[in-house]
Structures are given as structure tokens and as C-alpha cells.
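Residue numbers (the working numbering), protein chains in the order written: chain A, 1 to 175; chain B, 1001 to 1108.
One or more of the hints may lead you astray.
What the hints assert, rightly or not - Derived coverage of chain A by chain B (criterion: at least 3 residues anywhere in the stretch with Cβ under 8 Å from a Cβ of chain B; other residues may be distant):
#1 73-85
#2 123-136
Unchecked claim - One-sided and incomplete, this derived list gives chain A residues near chain B with beta-carbon spacing under 7 Å:
#3 Phe-5
#4 Val-49
#5 Tyr-54
#6 Ala-118
#7 Thr-120
Stated by the list, open to error - Here are the simulated lysine to aspartate or glutamate pairs, EDC-like style, with alpha carbons at most 16 Å apart:
#8 B:Lys-1096 x A:Glu-151
#9 A:Lys-136 x B:Asp-1099
#10 A:Lys-129 x B:Asp-1102
Just so you know, the hints here were simulated from the structure itself, not pulled from any lab data. Since the model is a prediction, treat every value here as computed from it, not as a measurement. Using N, Cα and C, we set each Cβ at its ideal position, and we do this for glycine too.
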Amino acid sequence: MSSLFTAEGLGGLLFLFIVAVTLAGGLIATNSVRLPRAVSGLALCLIGVAGLYYYLSSPFLAAMEILIYVGAVCVTIVFAIMLADPCDEKRPGRQNALSAALSFGVAGLLVWGLVLLATTTMWPAPAVKINEGSVKVIGESLLTTYSMVFELISVVLLMAIIGALALARVGRDKQ
Amino acid sequence: MRILSLGNTLETYLVIAALLFGLGIYGLLNRRTLIGLLISAELLLSGASLNFMAFGRFLAPDPTTGQVFTLFIMGIAAAEAAIALSIIIAVYRNYKSIDTEDLEELQG
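Same shape as in the complex, but just chain B (with noise of 0.2 Å):
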């Protein structure tokens, strides 16, 4: 029964980081409102911290390291949920949407 001992394995982890990562990248270019794509940006933070602590449980020699990097992802994950949804609170005050592409006022 070799796939229950799956979670005991690096690379399980790291596949399942590339996909969140990569299920992030696929919603920030296909999303049209804001909100969206600060789903999608959690979604790439969330895929970058998985890969942080399954490399500081199975490969470093302090396995403090890759916790404690996890920690300062979600702080400065909050900071920037916090700014981003009152950019876009302000955004919709200005143009009554979210959506990205009524926001066209630079484009030449």
C-alpha cells in the first residue's frame, strides 16, 4: 500500500505546491474583478508557504526555519489582503465596478 504512505514523502508536498501555485497563476490571468484576483494571489501565497514548510520539515537541519517563514508569509499576506480591499473599496467609489476592464482611464 504504497499511496498511504504518500504523506511522509517530499515531493508529495511539493507537487501539490506547484499545483496550488499553478491553479493561482491560471485564476490572476483569467479573473476579470478585483476581488478575484486577490483570491488567486492567496492561493499563490498559500502554494509558496506549503513549498517553505515541507522543505524546512524534510530537508533542513533547524526545522524552526520553515515554520517561522510561514509565519511572515500570513502576516504580510494579511497587510496586503487588508491594502487590496480597501484599493478596491475606493475603486468602486470612483467608477461603481470592479471589474479590470472598466478600469481603462491610462490607457491612451
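Chain A extracted, bound-state conformation (with noise of 0.2 Å):
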């Protein structure tokens, strides 16, 4: 039992906003018609899937969240946009109101089964924690325990980038 005023409420309302900014920004990414506004609304959801990681007590991964997904990935999605220039508010009309609430209708029966399955599932508490996941325990794990996973993902990433300049390559001198 906390009231309000004290650090425990007071990060309690914080959380509550953090949630409130996550699936406000969720709703902007999938339902604004013009492109540069979803990719806002997908900066503003991760910022806040980055805050819910600071209360998972990984303030680490929070950092990376932003680092990545809001300076890396959204900036690129805004340069693919600048480049591509797509036309989604040209010709309105054309959404088709039942494939809009088909797939309303699939996602809803989606979470809803989720939903029901976490609230209902009794999840055991581990007996005991080994280590209190901290940056060095991260840091000594990649390169000990997942270094193989680690070097895999090396490799991934650059064929991703060598890939990415090929197909970006492609039909260039046809112009």
C-alpha cells in the first residue's frame, strides 16, 4: 500500500504514463494515413517500450532501445520514405471498410486469447536467482556463454549490409 506522494507512487504514475505513451504511439504507427506521422508514432512507441524496460530493471537495454530502434531503424524507415516517396493519401476511397475490420477482428481475437492465457496461467517464481542481471553479468555472457550467437549475429549483420547494397544497387544504371 503506497500513496502517492511517496517515490514508490509517484514511479507508479510514471509507469502508468509510460503505458499510456507505448500503446498511444502503437495506435499513431498503425492508423495515420500519411507515412512520415506512423513513423513518428513508432519513435514515440519504442521510446515508451524503452521506459518499460527501465522498469524491468535493464536501464542497459533501455539505452540500446533508443540507440537502435529510435536513432537507427526510424531515422532509415524516414530516409526509405524521402527516397520512395509513396502516395497513400492520393487516391482515398479505396480502403476497403471490411478488410479494415477483418483484420480489426483478427488482432482483437489475437489479444484477447493472449490476454486470457497471462491473467490465467499461475507462473511459478524462480526458487532462487543466480546473478542480479547487471551490465557485467550481460557483458560476461555474450562473450562466454553466447559467444557463438554473438559471432553469428556479426556475420548476419554483414551480409545484411552487403546484401542491402546490392538490392539498393540493382537497376540504378537503367535510368
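Hey, can you piece these two chains together into the complex? The hints should help.
Structure below.
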């Protein structure tokens, strides 16, 4: 039982605000017609997710979320919008109300099932925590337990860079 | 004031992650441009990684597992975004459009 004017109470209030920011950003990202607005909504949503990571006692992941998603992925999407010039708003009335309702129904069913599953399951708490999950422990486990995956993801990123260059180069000298 | 301690329960995070996942599915089915689809896919991935973080924080004996998995999801998402955006640019060069309804060359 914590009152509003204690550290826990203010933290809880901030948590509710972050949840609201996340969901509002997600709604903007999926429902706005103009793509720059959708990208801004995505950035807002990902900042909110970074705040949730902070509440999950992982400030390192929160910083990485903002650095990689907001700083790199969103900016790259903005560059692609500038290069490709999508004209979503030029042809209105094409948006089928039936398809919107159907996709809302499918997504709603999925969310309903997941929420039901999450709230009715008895989640067993772990008997003991073997470490505190700090940045030092993450770094050590990245270079010992998960070193193979670490190397593999470097290879994947290298292949992505080369593949992106090769794909974007095709067809440039045709015009 | 039970609502102020919502940040300390696993179910809150699972519900938020489910909502993000549902928003992503809704966007994937409803969007008409390729960039809109990519934005929805990012929402799907962040919902999934929020689930991993919540389970790693509340249920796993080793709290680093969830964080390391989320780091790998971030790396895969960055690679996916780079590849998808270069495909979108290449499609735009060939079709002068990134609307999913204009890309119908394989449609019988």
C-alpha cells in the first residue's frame, strides 16, 4: 500500500504514463494515413518500450532500444520515405471497410487469447536468482555462454549490409 | 492504491506486449504500402522482445537470458529493416510505386 506522494507512488504514476505513451504511439503508427506520421508514432512507441525496459530493471537495454530503434531504424525508414515518395493519401476511398474490420477482428481475437492466457496461467516464481542481471554480467555472458550466437549475429549483420548494398544498386543505371 | 504498483507484476507487461503484438498484426493486415508493413513488423518484434524481457525479469533464475535474447532480436530487427528498405527502394525503381496493390505481376 503506497500513497501517491511517495517515491513508489510517483514511480507508479510514471509507469502508467509510459504505458499510455507506448499504446498511443502504437495506435498512431498503425492508423495514421501519412507515413511520416506513422514513423513518428513508431518512434514514440519505441521510446515508451524503452521506458518499460527501464522498469524491468534493465537500463542498458533501454539505452540500446533508443539507440538502435529510434536512432537508427526510424531514421532509415524516414530516408526510405524520402527516396520512395509513397502516395498513400492520393487515392482515398480505396481503403476497404470490410478488410479493416476483418483485420481488426483477427488482431482482437489474438490479443484476447494472449491476455486470457497471460492472466489465467499460474506463473511459478523462481526459487533463486543466480545473479542480478547487471551490465557486467550481460557482457560476460555475451562473451562466454553466448559467444557463438554473438559471432553469428555479426555475420548476419555483415550479410545484411552487403545484401542491402547489392539490392539497392540493381537497376540504378537503367534510368 | 493498487494501480500504482502495476509495474511490479508480470501480467501487466504480458498484456502490454499482447496489445503491441495485436497492433502489429492489425497493421500488417490493413496497411497498403510496403513501408507501413515494415513499421507494423517493428511493432510485432518489440512486442515479442517485451515478452522476453518480462519473463527474464520475473520468472528466469538467470535474469541475463532475457536481456541477451532481446539484444539479439534488436540485431535481427536492424538487419531486417536494412534489407527490407533496400528491397523497397529497388521495387520503387521498377514500379514507380510501393503500393501493395500495384505489385501484381505474378497475379496470374
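Taking the earlier hints as the rules, which of them does this structure contradict? 3, 5, 7, 8, 9 and 10
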